[in-house]
Each structure stands twice: as C-alpha cells, then as structure tokens.
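Chains as they are written, first to last, in my numbering: chain U, 0 to 144; chain P, 0 to 144; chain A, 4 to 122; chain D, 4 to 122.
Everything labelled a hint here was simulated from the structure, so no lab data went into it.
Treat each hint with caution, since some may be false.
Stated by the list, open to error - A partial selection of chain U residues facing chain P, derived with a Cβ cut-off under 7 Å:
#1 7
#2 14
#3 18
#4 22
#5 26
Unchecked claim - Each computed DSS-like pair below joins lysine-lysine, with the alpha-carbon atoms no more than 25 Å apart:
#6 U:90 to A:98
#7 A:37 to A:53
#8 P:90 to D:98
Said to hold, decoys possible - Stretches of chain P that chain D covers, calculated by requiring three or more beta carbons in the stretch to come under 8 Å of a beta carbon on chain D:
#9 31–44
#10 74–80
#11 89–103
The beta carbon of each residue, even a glycine, is placed where N, CA and C say it ideally should be.
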Amino acid sequence: MRYGSSVEVRLPSELGYEKVAMSTAASMAALMGFSDDRIEDLKTAVAEACINAMEHGNQLNSSLCVNVVLSSSDDELEVKVMDDGRGIDTKPTAPNIDRKVLGEEDPRGMGMFLIQSLVDEAEWHKGPPGKSFVRLVIKLDKENS
Amino acid sequence: MRYGSSVEVRLPSELGYEKVAMSTAASMAALMGFSDDRIEDLKTAVAEACINAMEHGNQLNSSLCVNVVLSSSDDELEVKVMDDGRGIDTKPTAPNIDRKVLGEEDPRGMGMFLIQSLVDEAEWHKGPPGKSFVRLVIKLDKENS
Amino acid sequence: MQAATKVAQRTAKAASGDSVTIVSFSGDIASTSKDAMMAAYHEVDPTVAKILLDFTKAGYINSSGIAIIIQMLLEAHAAGQRTIGIFGLTPHFQKVFTMVGVAKYATISADEASALAQL
Amino acid sequence: MQAATKVAQRTAKAASGDSVTIVSFSGDIASTSKDAMMAAYHEVDPTVAKILLDFTKAGYINSSGIAIIIQMLLEAHAAGQRTIGIFGLTPHFQKVFTMVGVAKYATISADEASALAQL
Ligand SMILES: Nc1ncnc2c1ncn2[C@@H]1O[C@H](COP(=O)(O)OP(=O)(O)O)[C@@H](O)[C@H]1O
Ligand SMILES: Nc1ncnc2c1ncn2[C@@H]1O[C@H](COP(=O)(O)OP(=O)(O)O)[C@@H](O)[C@H]1O
Numbered sequence: 000m001r002y003g004s005s006v007e008v009r010l011p012s013e014l015g016y017e018k019v020a021m022s023t024a025a026s027m028a029a030l031m032g033f034s035d036d037r038i039e040d041l042k043t044a045v046a047e048a049c050i051n052a053m054e055h056g057n058q059l060n061s062s063l064c065v066n067v068v069l070s071s072s073d074d075e076l077e078v079k080v081m082d083d084g085r086g087i088d089t090k091p092t093a094p095n096i097d098r099k100v101l102g103e104e105d106p107r108g109m110g111m112f113l114i115q116s117l118v119d120e121a122e123w124h125k126g127p128p129g130k131s132f133v134r135l136v137i138k139l140d141k142e143n144s
Numbered sequence: 000m001r002y003g004s005s006v007e008v009r010l011p012s013e014l015g016y017e018k019v020a021m022s023t024a025a026s027m028a029a030l031m032g033f034s035d036d037r038i039e040d041l042k043t044a045v046a047e048a049c050i051n052a053m054e055h056g057n058q059l060n061s062s063l064c065v066n067v068v069l070s071s072s073d074d075e076l077e078v079k080v081m082d083d084g085r086g087i088d089t090k091p092t093a094p095n096i097d098r099k100v101l102g103e104e105d106p107r108g109m110g111m112f113l114i115q116s117l118v119d120e121a122e123w124h125k126g127p128p129g130k131s132f133v134r135l136v137i138k139l140d141k142e143n144s
Numbered sequence: 004m005q006a007a008t009k010v011a012q013r014t015a016k017a018a019s020g021d022s023v024t025i026v027s028f029s030g031d032i033a034s035t036s037k038d039a040m041m042a043a044y045h046e047v048d049p050t051v052a053k054i055l056l057d058f059t060k061a062g063y064i065n066s067s068g069i070a071i072i073i074q075m076l077l078e079a080h081a082a083g084q085r086t087i088g089i090f091g092l093t094p095h096f097q098k099v100f101t102m103v104g105v106a107k108y109a110t111i112s113a114d115e116a117s118a119l120a121q122l
Numbered sequence: 004m005q006a007a008t009k010v011a012q013r014t015a016k017a018a019s020g021d022s023v024t025i026v027s028f029s030g031d032i033a034s035t036s037k038d039a040m041m042a043a044y045h046e047v048d049p050t051v052a053k054i055l056l057d058f059t060k061a062g063y064i065n066s067s068g069i070a071i072i073i074q075m076l077l078e079a080h081a082a083g084q085r086t087i088g089i090f091g092l093t094p095h096f097q098k099v100f101t102m103v104g105v106a107k108y109a110t111i112s113a114d115e116a117s118a119l120a121q122l
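Next up, chain U with everything else stripped away, as it sits in the complex (with noise of 0.2 Å):
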C-alpha cells in the first residue's frame, strides 16, 4: 500500500450508519493486510467513536456530519473520527460491573473504555465545532493488542 493513502467517509448523524463506517473501516484494514480478529477489535472502535460522535458531539441532530478519515501508513492505520460539538478531552474509565449490577453505575458508559482497549493508541481532541475528533490507531506489526 502506498504511503499515505487516505479514505474519508461523511455520515449523517443517525444512529445505525456507524455500520456504514464499521464496513469503511474493515474494507480499508483488509486492504492493508491486518488480520480478521484485528479488523474485529477495529470495527468495534470505529462503532463507538461513531455513535459518540452522533449522540454526544452531533446531539443526534441529522444536519450535521460525522467525518471519518481513514490513514493508512506502512505499518499502521489511523481513524479519526470528528463531530461538530465541544468534545472532550477527559480519559476513559474503566466500567466497574459491581456497582453497575448494584445499580450504583449507569449500565451504559463503556464506550471510550472499549475504544481504548481495543485499538493500540487512542486519544480524545477538544476543538472548534467540526474539529473535535477521537484518533484511533491500529498497528499491523502488533497483532494482539
């Protein structure tokens, strides 16, 4: 593969088109050579930045975009994933199941948790609307994360 090929994908802010991504996202890893558990652990991430974008960053509001920028290096592939809201920039945490059995916990809330633990590098970007993004990145030499 090319250095510095990129693939940008435009979603609208529905719930259901992080699918349309997941594809994307899969199609581009398979091109590049990563393996199929690999393009799993990918296709989750990308999921969840999406719909975080949606729902946290877009408000679900159907006018504005979820931009997805694939990058692909030679050895690594880098997504970022911007929305049009304030972001943030706080860390994941991880779940704890205790509390949320004992419903001290919100059931929900395991996203960035999931992002971060599936993919090599994850960060989360504050910035001007449009500009806020999660980059994710996976490396073709680290096939077990």
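Here the structure of chain U is known, so what remains is to put chains P, A and D with the ligands in place on it, guided by the hints.
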C-alpha cells in the same frame, strides 16, 4: 430510513480502493433493506464505476480523489461516482464475445455494459473537472433487475 | 436504520437436570433493541432460576446493547436466586463482554451445549 | 492493494474418462492478476484438451479479471481443439460471466463435480 440521508466516500485513485467503495455501498444498501442479490449487483456496478473514474477519469493520478455519494430515499439508492476527467457521454455497448474470442475486439471494455446491466438506472455525465460523473440507481421494489 | 431485534423463547434441560429457559436474540443488539430485549426478559416466568441468553443469530452488537444485558444482570441480582448464562457470541464479542466485566455475573460459553453442560 | 492472485494446478478425471487439468485461482481476479493467471494458463501442457478454471477460492472479480479469462478463451480458440470449463463462481458471478458472453465459449458449472460430469 429517513428520507434523504446521504453518505459520501472519497478514495485515492489507486486500483484496489474500489473495494472500499464496494463495502461502503453494500453496507448502506443493507441498512436500506436491499436483498443480498441486489447488493452483489450494486457492488459490481460501484466497483466498475470507481475503476473507470480512477483509470480513465483521473488517469491513476494518486493525488486526485474519486468521490462517491450514496443517497437514499424511500425506495431507491442513488450512487454518484465523480472524477476529475472530462467524462464520457456515450452509451455503453454490449461486448461482442465472438469478436473478442477472435481477437477482433479488445478483451476489455465490459465495465460500462455491466454497470448498465446490473442497476436499474445508469447515466454518464460530462462535466468540468471534479464534476464528471456516472449516476447509478437501484430500486427497492424492483428486486430483480 | 438498525435491524429490528427479534426474540424467541424456549426451554431446555441442563446437565444438572434442571429446566433452563433460553431467550434467543437475532438482529442488532443496540440502543434500539432495549424495549424488545427487556420485554423478552420480563416475559420469562419469575420462578425460572436458570436463563440462557442466546446470541447465535445476533449481528451487530454495540456498547449500548451490552448495557441492556447488564440491566438484565442487575434485575436478576436484585431478585436473588437466578443464574444467567450467555452463549453464541463470536470470539470477538466473548472478549468484549469479558473486558467490560459481564463474565463476572454471567457465564459466557461458546455454544448451547457447553452452556447447558455448566448449569 | 489487490490481494495477490495465487494459482494451483492439478489433474482429475472427467465423466467421459478423459483427463482434465484443473487450474485454481485464489485471491482477486483483476487487472493485477494478468501475469500470474496467463502464466498459469501457459504452464498447462499444450496437448491437454480439457481444462477447468476453478474460482472457488477467488474473492473479488472485476471486468478486467474477466478480460483475462476471455484472453484464455481466445488462445484456446486459436489453438483449436481445447475445451474450457469454469466452476466455483458465486451465482452473482455466474450471472455476470453469462451477461458478457463467456458462457458461449466455456461451460459454467456450479462446482467441480458438475463440471467434471459434463466433460
Ligand atoms: N464525541 C464526544 N463528544 C462529546 N462528549 C463525548 C464524546 N464521546 C464521549 N463523550 C462523553 O463521554 C461519556 C462517556 O462515553 P462512553 O464511554 O462512550 O459511554 P456512553 O456513550 O454510553 O455514555 C459520554 O456520556 C459523553 O459525556
Ligand atoms: N469515468 C470515465 N471518464 C472518461 N472516460 C471513461 C470513463 N468511464 C469509461 N470511459 C471510457 O469508456 C470506455 C469503456 O469503458 P468500460 O466499458 O468500463 O471498459 P474499460 O474500462 O475496460 O475500457 C473506456 O475505455 C473509456 O474510454
């Protein structure tokens, strides 16, 4: 599916990336409820349109993008594949297999014919750079084209 | 935009001889599945002590879908003596369910046979 | 960017008792496959009268890939007495191959057994 949702994908003009557009289109069509058969038809049509845009439109110049816009409405999926070339406005002609096997016709030259045969509508438009496109439509109520 | 979640309920015998209610989910397991999934869970007779959640035919699963399963674990925990098992997940989702802690409150098995063998 | 086309050659017996050379292609069947596919075709002994092209393990096929197969049909036609059959295509690609006329010069069968039965 909400009337008028659209997804946009930009690909580098590099052979192989048509597979990314195929996956994106297939996933969008699956969301809309198209059958697996129709999705296969769409995938081949989208692949051929992207290859033509890369090869003939953008002359495989990797700094030029192919832009694919997928627009859903109640009963159809429209796909526009745009390139930076001068475009084409001739109709596809059916390949003549006898002449091909005799070496009297290029063995290639089947892409436009396949596109037209596999989708419900196909139109080629000449335009200024970035605005030449082929427009494909598959219809939800027409399960066998 | 999400594939409607479909639900089916049946009964099977565990290795222990106990009766087990199996609730099968197909389609997407996502936020839109909540009503269908919780209704299916509430339809199970309250006296049933062993439940298996079958995801063999589930397609796409996201974290909001996993939260619905955690909601079931919460209700089972609050109600007391009820064991919940999960089967039919792909290896990827077995890993994901384990990552978020679900495996602490529900045994995760590859398929129905191994799930029943453990109950 | 395209999955390298891999090729394997083996021999089988047709229903008629004749020996058949089977050339199997896996990976993408696209413009980048041309050298590998034509080299595999040229490696078949020129005296072999019956060839089957096996696409069971092929993934993505596009019109440039089909053009390579037409090139084989052209060479077989020019050389005279050689029968070419094709099997292992999905129903979609059986349809596509038929649309462009390939079925006029090569019998298209679903699988190896039905391909051999016809030779
Ligand atoms: N793209 C985003 N823009 C703004 N806030 C976000 C974004 N992504 C996540 N958040 C915040 O982080 C919280 C945790 O996100 P997450 O772990 O994915 O769980 P959930 O989405 O289920 O709440 C969200 O509830 C939201 O407040
Ligand atoms: N996007 C395009 N821009 C310019 N010319 C095109 C485009 N698509 C097709 N063409 C022209 O039409 C011809 C036939 O295309 P096609 O049927 O797809 O076969 P092939 O690409 O194998 O030549 C091409 O050779 C090219 O001259």
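Consistency of the hints with the structure:
1. 7: holds, 4 Å
2. 14: For residue 14 of chain U, the interface hint is violated, since the closest Cβ of chain P sits about 11 Å away, which is over 7 Å.
3. 18: holds, 6 Å
4. 22: Holds: closest Cβ of chain P sits about 4 Å from residue 22 of chain U, inside 7 Å.
5. 26: At 4 Å from the nearest chain P Cβ, residue 26 of chain U passes the 7 Å test, so the hint holds.
6. U:90 to A:98: OK: residue 90 of chain U and residue 98 of chain A at ~22 Å, within 25 Å.
7. A:37 to A:53: Roughly 21 Å between the alpha carbons, so the hint for residue 37 of chain A and residue 53 of chain A holds.
8. P:90 to D:98: holds, 22 Å
9. 31–44: holds (count 4)
10. 74–80: Violated, because only 0 residues of the stretch 74–80 of chain P bring their Cβ atoms closer than 8 Å to Cβ atoms of chain D.
11. 89–103: Contact hint for the stretch 89–103 of chain P vs chain D: holds, 8 residues under 8 Å.
Taken one by one, the earlier hints fail for this structure at numbers 2, 10, listed in ascending order.
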